[in-house]
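Undergrad: The lines below spell out each chain.
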Amino acid sequence: MTALSLKNVNKSFGDVHVLKDINLDVDEGEFVVFVGPSGCGKSTLLRVIAGLEDATSGEIRIGGDVVNLTPPSKRGIAMVFQSYALYPHLNVRGNMTLALKQEGQSKSVIEERVQKASRMLNLEPYLERYPSELSGGQRQRVAIGRAIVREPELFLFDEPLSNLDAALRMNTRIEIAALHKQLGASMIYVTHDQTEAMTLADKIVVLRDGRVEQFGSPMELYNNPANQFVAGFLGSPSMNFFPAGLVSEGDDRTMGVRPEDLFIAEDGLLSARVSHVEKLGGDTNVIARLNDHQITARLFGQHSVEEGEELRLSFNPQSAYHFDQQGARLY
Amino acid sequence: MNKARSNPLNTAMMHGALIVYTLIALFPVFVILINSFKERRSIFREPLALPNSESFSTIGYETVMQQGDFFLYFQNSMIVTVASLFFVLLFGAMAAYALSEYRFKGNMLMGLYLALGIMIPIRIGTVAILEMMVATGLVNTLWALILVYTAQGLPLAVFILSEFMRQVSDDLKNAGRIDGLSEYTIFFRLVLPLVRPAMATVAVFNMIPIWNDLWFPLILAPAEETKTLTLGSQVFIGQFVTDWNAVLSALSMAILPVLVLYVIFSRQLIRGITSGAVK
Ligand SMILES: Nc1ncnc2c1ncn2[C@@H]1O[C@H](COP(=O)(O)OP(=O)(O)OP(=O)(O)O)[C@@H](O)[C@H]1O
Ligand SMILES: [Mg+2]
Numbered sequence: 001m002t003a004l005s006l007k008n009v010n011k012s013f014g015d016v017h018v019l020k021d022i023n024l025d026v027d028e029g030e031f032v033v034f035v036g037p038s039g040c041g042k043s044t045l046l047r048v049i050a051g052l053e054d055a056t057s058g059e060i061r062i063g064g065d066v067v068n069l070t071p072p073s074k075r076g077i078a079m080v081f082q083s084y085a086l087y088p089h090l091n092v093r094g095n096m097t098l099a100l101k102q103e104g105q106s107k108s109v110i111e112e113r114v115q116k117a118s119r120m121l122n123l124e125p126y127l128e129r130y131p132s133e134l135s136g137g138q139r140q141r142v143a144i145g146r147a148i149v150r151e152p153e154l155f156l157f158d159e160p161l162s163n164l165d166a167a168l169r170m171n172t173r174i175e176i177a178a179l180h181k182q183l184g185a186s187m188i189y190v191t192h193d194q195t196e197a198m199t200l201a202d203k204i205v206v207l208r209d210g211r212v213e214q215f216g217s218p219m220e221l222y223n224n225p226a227n228q229f230v231a232g233f234l235g236s237p238s239m240n241f242f243p244a245g246l247v248s249e250g251d252d253r254t255m256g257v258r259p260e261d262l263f264i265a266e267d268g269l270l271s272a273r274v275s276h277v278e279k280l281g282g283d284t285n286v287i288a289r290l291n292d293h294q295i296t297a298r299l300f301g302q303h304s305v306e307e308g309e310e311l312r313l314s315f316n317p318q319s320a321y322h323f324d325q326q327g328a329r330l331y
Numbered sequence: 332m333n334k335a336r337s338n339p340l341n342t343a344m345m346h347g348a349l350i351v352y353t354l355i356a357l358f359p360v361f362v363i364l365i366n367s368f369k370e371r372r373s374i375f376r377e378p379l380a381l382p383n384s385e386s387f388s389t390i391g392y393e394t395v396m397q398q399g400d401f402f403l404y405f406q407n408s409m410i411v412t413v414a415s416l417f418f419v420l421l422f423g424a425m426a427a428y429a430l431s432e433y434r435f436k437g438n439m440l441m442g443l444y445l446a447l448g449i450m451i452p453i454r455i456g457t458v459a460i461l462e463m464m465v466a467t468g469l470v471n472t473l474w475a476l477i478l479v480y481t482a483q484g485l486p487l488a489v490f491i492l493s494e495f496m497r498q499v500s501d502d503l504k505n506a507g508r509i510d511g512l513s514e515y516t517i518f519f520r521l522v523l524p525l526v527r528p529a530m531a532t533v534a535v536f537n538m539i540p541i542w543n544d545l546w547f548p549l550i551l552a553p554a555e556e557t558k559t560l561t562l563g564s565q566v567f568i569g570q571f572v573t574d575w576n577a578v579l580s581a582l583s584m585a586i587l588p589v590l591v592l593y594v595i596f597s598r599q600l601i602r603g604i605t606s607g608a609v610k
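From first to last, the protein sequence lines stand for chains A and B. Take the first sequence: its position 207, counted from the start at 1, is 207 in the numbering used here, and no numbers get skipped. Take the position in the second sequence, starting the count at 1, then add 331; the result is the number in the numbering used here.
If you're looking for bench data, these hints aren't it; they were derived computationally from the structure. Treat each hint with caution, since some may be false.
[Claimed, not checked] Interface residues of chain A toward chain B, partial, derived using beta-carbon atoms under 8 Å:
#, residue
1, 52
2, 54
3, 73
4, 76
5, 87
[Unchecked claim] With a Cα cut of at most 25 Å, we get these calculated SDA-like pairs of lysine to any residue:
#, chain 1, residue 1, chain 2, residue 2
6, B, 436, A, 116
7, A, 20, B, 435
8, A, 101, B, 503
9, A, 107, B, 508
10, A, 279, A, 249
11, A, 101, B, 519
12, A, 101, B, 435
13, B, 436, A, 47
14, A, 74, B, 500
15, A, 74, B, 446
16, B, 436, A, 107
17, B, 436, A, 12
18, A, 74, B, 519
Here a beta-carbon is modelled for each residue, glycine too, at the ideal position from N, C-alpha and C.
With these hints in hand, go ahead and build the complete structure from the sequences.
TA: Following this line, the structure appears as structure tokens:
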């Protein structure tokens, strides 16, 4: 069964057309990640799904029911916000129980669910504290706890980890993945972060300018991007693009090669001048100029490449992608 | 702590300036207070001298207590001020929330229309207001004053509060909506507590002009039983003779409640002024 299904959803703010004909089906229990550049409409799409904004046109189904006219609290969803959005006047317990009280759940049910959620998230010692007395990571867990106690069919996360530091972000990411397995509910997750998208997602939706560019599993998108935008968006460092003419005379297409597919070779086709070297220990990223184009090669292991050096790079023709002038994938 | 603040010379100068300012601000109040306890002749002979055994007199207070129903005036002023503030804050906050939170046709125009009152003094409409009050039979009731002061305070209240409400996190309100709170609960339980400093600012700005107003009590509610303190005190100021003892005593007593209200609001007010800077 589909947990969420969007049909030709459009959203305009006045004259600004933000979401354009979005079609999407999320299966039950799936973890779907929305990625895309800033301002492409990820948050807006999430808010339309939540019912915080009305779709201008189109149909939204959650668990099979059309919910276009259903208020957010009755859609069977829960949302975790980037800014946590905890109620400042309620303690952790109050924050977690408010929605259940509104639903009119019995005391014992409320108590049981709070117990369960706070155990899952290690929040038991903090139940009586107020949000202002918690660290960022704890607040984030409370925000997630507030969503869990409602036992929704669909979780919505809007960049939940972007306010956390790197180490905490990784831990929380792993916790969210574990939660997803444990709860088995469908989740929609908005992020800027490549790693979050690749590691958490069953399916990734790449959005650009309010349109779905591609929808599929992380590896599908990585190995088989539909166009130059998706190819460049996924993967870090991102894919190198240069005119195919540099390799074969008279070719006016664009060629794309992932940094990890480039290697140093005496008789390499590409001759580039090294402008910067990043030595990461396990990897070495070589940033070089190829005529007017910047290309990045990700070399495994440690290499003694110096700035200013002239380097010949090569790649396996099978690993190259080809795009036409409009950025559509050719093969 | 920053450098400027920890430098002792700077600190001394800053405190010096503040103390001088405080003295200047308190001086008139002080003069009123000491002279209210002196007999008439000493008030004029040595206005700055403290009352001593010779010049001490409570004749002013006695006159005030005897003449007219001072406590009733006092009560009237209090009712009018507090009720007006309450309505200004309540309706001002509600209008501000509607303007800042909901997108509807004419939102901008409505905001401008409501803010227009800041520039147009309500006294221009005195005649029309009086006619209206006569027609509705509200003349010589406290309601007449409360309604007028509420109208007078609303424009600035809406203007200031809507600015502050725009800053309240959308996520918080949306979290409330997802949790099933009604728009009223979101407004009263989530938004209002967060703009409390701004509400205190509005309250203080409105409180003093209302408390001190003579114009509207004189025109709309001059009856004995609806006189406000300011209007009641006027009996001591005659065209030819003024009972200064009584005037000063009445003024001294009129300061008190404003002071109390101010202390209540000031904690919030200070937070309001510094809320942008700190944090
Ligand atoms: N209330 C609104 N009124 C008018 N335009 C809006 C409104 N909300 C969003 N937009 C516009 O819609 C577009 C998409 O915004 P949205 O917040 O969905 O982007 P996003 O993909 O979430 O970006 P980010 O990654 O920076 O969070 C933006 O161009 C924004 O200016
Ligand atoms: Mg966003």
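Undergrad: Tell me the hint numbers this structure goes against, listed in increasing order.
TA: Hint check: 2, 4, 6, 10, 12, 15 and 16 fail, others pass.
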